[in-house]
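Asks: Here are the chains, one letter per residue:
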Amino acid sequence: MILDVRDLRVGYGKITAVAQASIEVAEGEIVSLIGPNGAGKSTLLKAIAGLLPAQAGTISFDGEPISNRPAAEVMRRGIALVLEGRSTLKHMTVHENLVLGGYTRTDHKAIAADIERMLARFPILRQRLKQRAGTLSGGEQQMLVIARALISRPRLLMLDEPSLGLAPLIVADIFKIVHELNSEEKMTILLVEQNANQALRLAHRAYVIENGEIVLQGPDLANDARVREAYLGI
Amino acid sequence: MLLLQQIINGVMLGSSYSLIAIGYTLVFGVLHLIHLAHGEVFMVGAFVALQVVLLMGGGVGVAIPAAAVASAVLGVLIYLAAVKPIMARKGHFLAPMISTIGVGLVLQELATRMFGGEQVGFPVQMESHVWHLGGLTITSVQVVILAVSLGLMLALHLFVTLTRVGMAMRATAESMVISHTLGIRSDRIIILTFAIASALAGVAGVLVGMSFNSISPYMGVDMGIKGLAAMLLGGLGNVYGAMIGGLVIGIVEVISVGYLSSSYRDAFAFFVIIAVLLFRPRGIFGSTAHVEG
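Residue numbers (the working numbering), protein chains in the order written: chain A, 15 to 248; chain B, 237 to 529.
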């Protein structure tokens, strides 16, 4: 298991947002985490990334404990988190955003080559290269943050609601990109989504989180009666 | 011609305000803190430069690096001793600012103890040339002041736009959370920011000492307020705004001395600031986007 979270508890003040959550991600997998609004999905990702403190439990990455390490150090070990809601640096240009994607790397030539690859993959970003990221559309910004995360060459990519607030066509694009990253480049992905239908179709395995607890898990949740009723509306 | 001369003189004066204002704005950018001991960092820079020149001799070429290094070290120490521990306790958001007021007073008292409360001369040896161009008079001291301050502003601009560390500094100012997800160690960036901001203030201390030919332990109070006003005028957290804001205040001040009376110079400068802020509450370059951290 590249990521192993055991009995994790995370809270804000006296409120417990995640209680006793255990999840695992193996190398090369797409794992989806679905659940209603406020169930603790984002909180769980942020705790893994080191942005929120773990009150109990353990998080290990590649066999090494990473809980309660500073976020910048967790990231340097190879976990890239794409925050929810177009987390571009809006005052900075598209190019500067991409350059900062490689901030922790020192192989300057290879970074330039990776930026070039991203521009080939997302041609719209090439047209916008000198523009401030804040002037891009929502879908373009989402592509920019995914490209930026990939330039760090992560071993685990965590995406927090990448489809949130985007038009259906763009959402389809984003999910296609996620699928290709995994199938063509063997990227390991932990995906948090409210769009359960797409998230389950894409994933090798999935977890359902409700009120901060993992209530269901498995490779074929799309055919689970409870999931179909509560999340897929079938 | 008189007006043009005054604009030139105003730019000379204002460029020092700009250097101080840039420091305030850099620190505000990364920490959302108004660093109220920044004027005293400026003052200490001037005194250290004076002592170094008295001890070792040398001119501007010695005074400026000495002031820059001493102020940078002082600025970082202020952050580590009086800002960081208080921010870490997550108390009231004003607490770190109050702490910097305390640091400023301590530095004033220490400087008074060591150097006396009187104004002292600032004998940075420099051959003084005076050039007459038409009706304009320009001195070599003015040229040095302008070249140093504009040179530093250009260097800062290149640093924050062309280097990865400079970009990381802007990223930290825009969003610490996003910066962390990019692997940027914000604690180091904050220390670097204090060092750069304080070094600029120290250099401004030398430039102001040269142009007025005297320094005092209380010089940081006035200059601190002017620098703060220049930052507000330009727009909180905006480096280019701070540059322009400082120049505007310098020019307004000199012109008001020329056409009104020297006793109103500060009042008139602030009158203009209030007028600008009434029309553009976020300052000349201010944006609403900077409210959220």
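Bear in mind the hints are in silico, worked out from the structure with no lab data behind them. Glycine residues also receive a C-beta, built at the ideal position from the N, C-alpha and C atoms. Warning: the hint list may mix true and false statements.
One-sided excerpt, in silico: chain B residues whose CB lies under 8 angstroms from chain A [to be verified]:
1) E345
2) R349
3) T373
4) A407
5) S411
6) H416
7) G419
8) R501
Asks: Give a verdict on every hint.
Replies: Hints versus structure:
no., hint, in the structure
1, E345, "violated (37 angstroms)"
2, R349, "violated (41 angstroms)"
3, T373, "violated (42 angstroms)"
4, A407, "holds (5 angstroms)"
5, S411, "holds (7 angstroms)"
6, H416, "holds (4 angstroms)"
7, G419, "holds (4 angstroms)"
8, R501, "violated (35 angstroms)"
Violated hints for the displayed structure, listed by number in ascending order: 1, 2, 3, 8.
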